Amino acid sequence: MSGVANCAAYTGGRRVADVEVKDIGEVLKQTDRFIWIGLHEPKEDLLRQVQQEFGLHDLAIEDAHRAHQRPKIEWYGESLFVVLRTAQMNREQGRIDFGETHIFVGARYVVSVRHGSSLSYAEVRSRCETTPQLLCKGPGFALYALMDFIVDQYFPIVDVLEDELEALEAEIFDEAFSRETTHRIYQLKRQLLEVKRAVSPLVDMCNRLMRFDLELIPEDTRPYFRDVYDHVIRINEMVDTLRELLTTALEANLSLIAVAQNEVMKKLAGWAGIIAVPTMIAGVYGMNFDFMPELKWDLGYPLVLGGMLVACGSLYVYFKRSGWF
Amino acid sequence: MSGVANCAAYTGGRRVADVEVKDIGEVLKQTDRFIWIGLHEPKEDLLRQVQQEFGLHDLAIEDAHRAHQRPKIEWYGESLFVVLRTAQMNREQGRIDFGETHIFVGARYVVSVRHGSSLSYAEVRSRCETTPQLLCKGPGFALYALMDFIVDQYFPIVDVLEDELEALEAEIFDEAFSRETTHRIYQLKRQLLEVKRAVSPLVDMCNRLMRFDLELIPEDTRPYFRDVYDHVIRINEMVDTLRELLTTALEANLSLIAVAQNEVMKKLAGWAGIIAVPTMIAGVYGMNFDFMPELKWDLGYPLVLGGMLVACGSLYVYFKRSGWF
Amino acid sequence: MSGVANCAAYTGGRRVADVEVKDIGEVLKQTDRFIWIGLHEPKEDLLRQVQQEFGLHDLAIEDAHRAHQRPKIEWYGESLFVVLRTAQMNREQGRIDFGETHIFVGARYVVSVRHGSSLSYAEVRSRCETTPQLLCKGPGFALYALMDFIVDQYFPIVDVLEDELEALEAEIFDEAFSRETTHRIYQLKRQLLEVKRAVSPLVDMCNRLMRFDLELIPEDTRPYFRDVYDHVIRINEMVDTLRELLTTALEANLSLIAVAQNEVMKKLAGWAGIIAVPTMIAGVYGMNFDFMPELKWDLGYPLVLGGMLVACGSLYVYFKRSGWF
Amino acid sequence: MSGVANCAAYTGGRRVADVEVKDIGEVLKQTDRFIWIGLHEPKEDLLRQVQQEFGLHDLAIEDAHRAHQRPKIEWYGESLFVVLRTAQMNREQGRIDFGETHIFVGARYVVSVRHGSSLSYAEVRSRCETTPQLLCKGPGFALYALMDFIVDQYFPIVDVLEDELEALEAEIFDEAFSRETTHRIYQLKRQLLEVKRAVSPLVDMCNRLMRFDLELIPEDTRPYFRDVYDHVIRINEMVDTLRELLTTALEANLSLIAVAQNEVMKKLAGWAGIIAVPTMIAGVYGMNFDFMPELKWDLGYPLVLGGMLVACGSLYVYFKRSGWF
Amino acid sequence: MSGVANCAAYTGGRRVADVEVKDIGEVLKQTDRFIWIGLHEPKEDLLRQVQQEFGLHDLAIEDAHRAHQRPKIEWYGESLFVVLRTAQMNREQGRIDFGETHIFVGARYVVSVRHGSSLSYAEVRSRCETTPQLLCKGPGFALYALMDFIVDQYFPIVDVLEDELEALEAEIFDEAFSRETTHRIYQLKRQLLEVKRAVSPLVDMCNRLMRFDLELIPEDTRPYFRDVYDHVIRINEMVDTLRELLTTALEANLSLIAVAQNEVMKKLAGWAGIIAVPTMIAGVYGMNFDFMPELKWDLGYPLVLGGMLVACGSLYVYFKRSGWF
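Chains as they are written, first to last, in the working numbering: chain H, 3 to 327; chain U, 3 to 327; chain C, 3 to 327; chain X, 3 to 327; chain Y, 3 to 327.
Treat the hints with care, since some could be wrong.
Pairs count within a copy or across copies, as identical chains cannot be separated in the list.
What the hints assert, rightly or not - Taking lysine-lysine pairs in the DSS-like style, the calculated list, with each CA pair at most 27 Å apart, reads:
(1) K24 x K139
(2) K31 x K298
(3) K74 x K45
(4) K322 x K298
(5) K139 x K269
(6) K269 x K322
(7) K74 x K198
Because the hints were derived from the structure by calculation, they are not lab data. Quantities reported herein were computed from a predicted structural model and do not represent experimental measurements.
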């Protein structure tokens, strides 16, 4: 059925059957089974069918249908509704593509709904299936596996942003600045804020999954959420460090532009002086006074030319020593 | 009656009768009914009449009469008093018009008092009337419907502000800066602060509506307030992101002005040099020494002119290569 | 007696007698009475006498004698000691004059001690006397009336500061900047910080008056303190908004100074070019070569003059089009 | 004994005997006595002796021996260990000298250990001895007296820093800026941070002394610590206000430097124009064309000179009116 | 065995035997012993062997194998897992080398796993062995000894960073600024953020070790963790102070660059004027008017030369007095 990526029943951590959406009710009659169903951008009627099979809350289904939720976790009676933002680096266009995944977890089901840019969760499922001793903990573990997978997608993204900052540092401190540098600093800031917005609500979410006394998350599954929590905290810290460095970089950039301006101005001033002095001297000897004895001397012209050269040379050396050139 | 936009009695989520203000006491004798009354900039005597019918607190009525409250929620005995700020984008004048709505909620009544710029709540009421299975939850649901409607008015406003930031980015990074750009950054900051002030108190308000054990807000209505809470958090986050980007944009703007200054100064310096050199050479050959052999040469003049051209050309090429032009 | 502004006994919210300080003990023997006494910059012996009559704590009296306390609230056994900062705009000198008021509240007395710049509290007292149904709630209500009066004095002050910011904005964005603008921004910041320091401790103080289970503040008086709380929060928010706008204004100011500098530099560069070109041409034809055919032409001079004009004109048009002039 | 500034036994708030360190054990056998001992930079063996007499904790003694602790309060079983930073303005060198005082408080002893720059505590002791009705509250009151004395040393220091800020403001806004101004702003910031670090931990410390149910601090001594708390909060607020003003001053300083730069540049541009115009005219009439009719006129020279003067004068008036000069 | 730095059994605080990893189970049969084992970058199979001997949790072992954890503390049932970041100043390359140490603490074992740059813990162990009265408190004390040692490594690093800031201050305020200064400010900021990230999670970790009622950390060991806590707080405060000073230094740097620019511009303007005036005068007397009486005077030339000198001299004195030179 279009929109259903995968739908299977598990017993004791092992996949026992592929299930059609319409057969879910039948399958759940066997009380030792739980169902893990993965949807990809489902049509509304499919969502409604899934809602009826598992008895999901209206508001959660509305959220799952609309995009642009912020990450959150909500309890509707005995079921849990989790919204996560997924992210992938779009290297060609130099931007981050975000998607959304909604997960419904009940005592005997996990439903994941994938929207927008994100990797398929087939990999998560098959990895879980190789460790039935863990998957047999139930839907809570599947939730962990999905969250862990999604959160770990952010590490390579933050790495790319760190590389970008280092490239910017090299530009700012080693080479000539340009309008482009400032623009890239700004773009990086924007991307960091986007990642921050996608990741920071997860701190609180993991905290709640770890602490609340939920039947859905058995005691021995909680350390795994603590692991996700640690990853989220690390991503958050990396982003915050990057933001603070970026702010400093922007200020350093401004300082260095001012330094460069100073250098240009000193050069301008120096060369203006070097050219102005012989111009002035030439002006003096261009005056038309009847009585200007130097003008009659045979050596007048070469002496003046020499004087000009000496003056310019001295100025040049002086400016060179003062660090102006 | 002037100032009363709508006043009706509901039973089991269905509108059963339009009611005059003076008949309210009579209608409330039927214990399965609740009354939903909408006022629009009421005169003081109307407010006093409503106060008497429902037994509202003096302080709340005073607040409802005065404008310029900040959003808040207050319990007066068994009734709830909610102040909200409404907002509408005034596109012609490029500013946000704010209004205020006060809502009184009791066990069997909802009173909304609308001041200043805001859409009519007729739409909210009719939408509620189409879902009697929800409206039958009572006045608490009507409160949710009003708050949801008011909060959702902020999304298009934030969208406009995001568009404005993007337009500013384009101006800052792609085109020439101007005094106007800085002014618009400042105006945008001011508008963001206004929206922030109107929305941020709602976080705490929704929290209290969700958590406190109130008879007015039945258990199964709370997820709806959680929904409003999510929207408020999202608007808040969007505004905060915009503010941080705007701060960065202002700094980037300053950097780029400095870069532009550098470019102007380099051009100034370069052309000054290109003009000063032939001027100096001309000065030298304008000197009046008796003995200046070059002046006698037939090719003196063209040679000097050629020399000037070569000097200027070399300088031009040099500056071009240095990236000064 | 000098230093005593007013001293009266109240029963059931009605003023029943004016009282001399020395008669207080006598009056309080009638258990249905409470005394409200207003002092204005009292001498130490008067303070000591009042202390003895009501049994006030040493530390509180020391505080009431010394000035320069920060706003605070303290319980000494069964009595309450409140310190508030009063403020008045001194329009002539363009600064805010601060004063201090100390209030002692017991089960059957209110003592207000007024220092420095502040309005008389006679108005508060007479307003209270017109609503005996409220004043009969006892000293707690008198405390509310005083605090409300003092807090409301800050609204016109914040309005003046908002007007000042708008005047500054007009200066920054519309007219020429000046040293004075920056100075006024700084002064405004200083005033905002002063107001902030005077008002922000009140948030916590009102909170404590509203929440703690005090006999002094009866249950039905608390909504009134919630009202003061709302006003304090609003003043705080207004001040914070002003501070953030001011920070942005200072940065915008710097940007605009840089823009102005750019404009000056472009004009400088442009006119320097327009003057340098004819100077260079004149220099060339001022050279003394024997063989310079143009010099012999009858039309040489007008042609050169014409060439100069054309060059200058072209440059002028070029710079005009580039937006440099 | 060297290192012991003072050591006395007190009964009922009155000094009853001077005590040698070695006799402490003997004296404490009388259960109505407590001992107050003041040490000044004691050698390790003296400290060890005191430790044994009172049974102090190893870690506390190590801390008391080492310098450079941050202010803190610690409970070791039934005794209290307090670390405070003392400060004195060193006016000659324009810097703040910091010292450290460690106080051990037990049910029947107070030990103060003074390191580095600080006033002697003899004054505190003698002031306490004049109010036996307070000192009889026991070691807790002695602790209050010491803390109050130490905290009050910060007021004159903050006053000096406020004066320094006002001097800086005058420099920034009224006179010419200089490198020195920026340096002094930086130094002031550094000093503020030092004071902040010394004072801010005291907020939490006083809070704990006021709130925890300690036998060492009897109920009726707590209002005194509340007094210290108020002072600490005030110093903190003053320092924070100064920091924020300083930040604004630094930014205003930068703005004013830019304004000054603009002014210089306008003057430069203006005078360059005023000189360039007659230079250009002179250049034109210095050309050697055969046919230049003006050169033959008798009034040519004075007319040109006059024209130059008019041009320069007009420019001067124009720049004057434009506010460039 | 490669990877095992040290492995010994302790009874009553005294080392009683060196133990092979494979004999651990045997040794632990004597219930009065605990084992302290130090690993250095162990291979996976060694880690797995240690895991089996002590029954450590899978997730902790995975963390201990992977690097790049952030400092944290975790309870897995009855054992404690601690991650710390170690740091050493690499003076040659002017950067801080970070490493990681993982510590497993159980009722009767301590396992430390050292990765990357860090000093050997042999010193900690031998120091502990010299104080058996403390080590006999058990594995909790060994944990304290390791944490104390690791935290104390940060003091010399922060000292180096403080020295670096002072060197930068000298550069900024006393000498000429350069691109290098700004770069070093940025580098210092980066290092401070790295130290901050390594140290700040320790505040919360020590808090939890001090407060939670753990059998692993006996009551009388907690003051020692309070000591570590104090050190961590001090390092944190030093880093925060450095960061704030650095921010101010960066802004002061920008101000001083602007001041320097002003100075250069004034010099440029001054000297341009001094050269332009005689050039203009010479231009005037270079004009070719037939009737220019001065040109005939015998003293014309010397007078004009003298006039030029006087003009230049006056300007020089004027600029000198105005502080432009």
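Violated constraints from the hint list, given by number and in increasing order: 2, 4, 5
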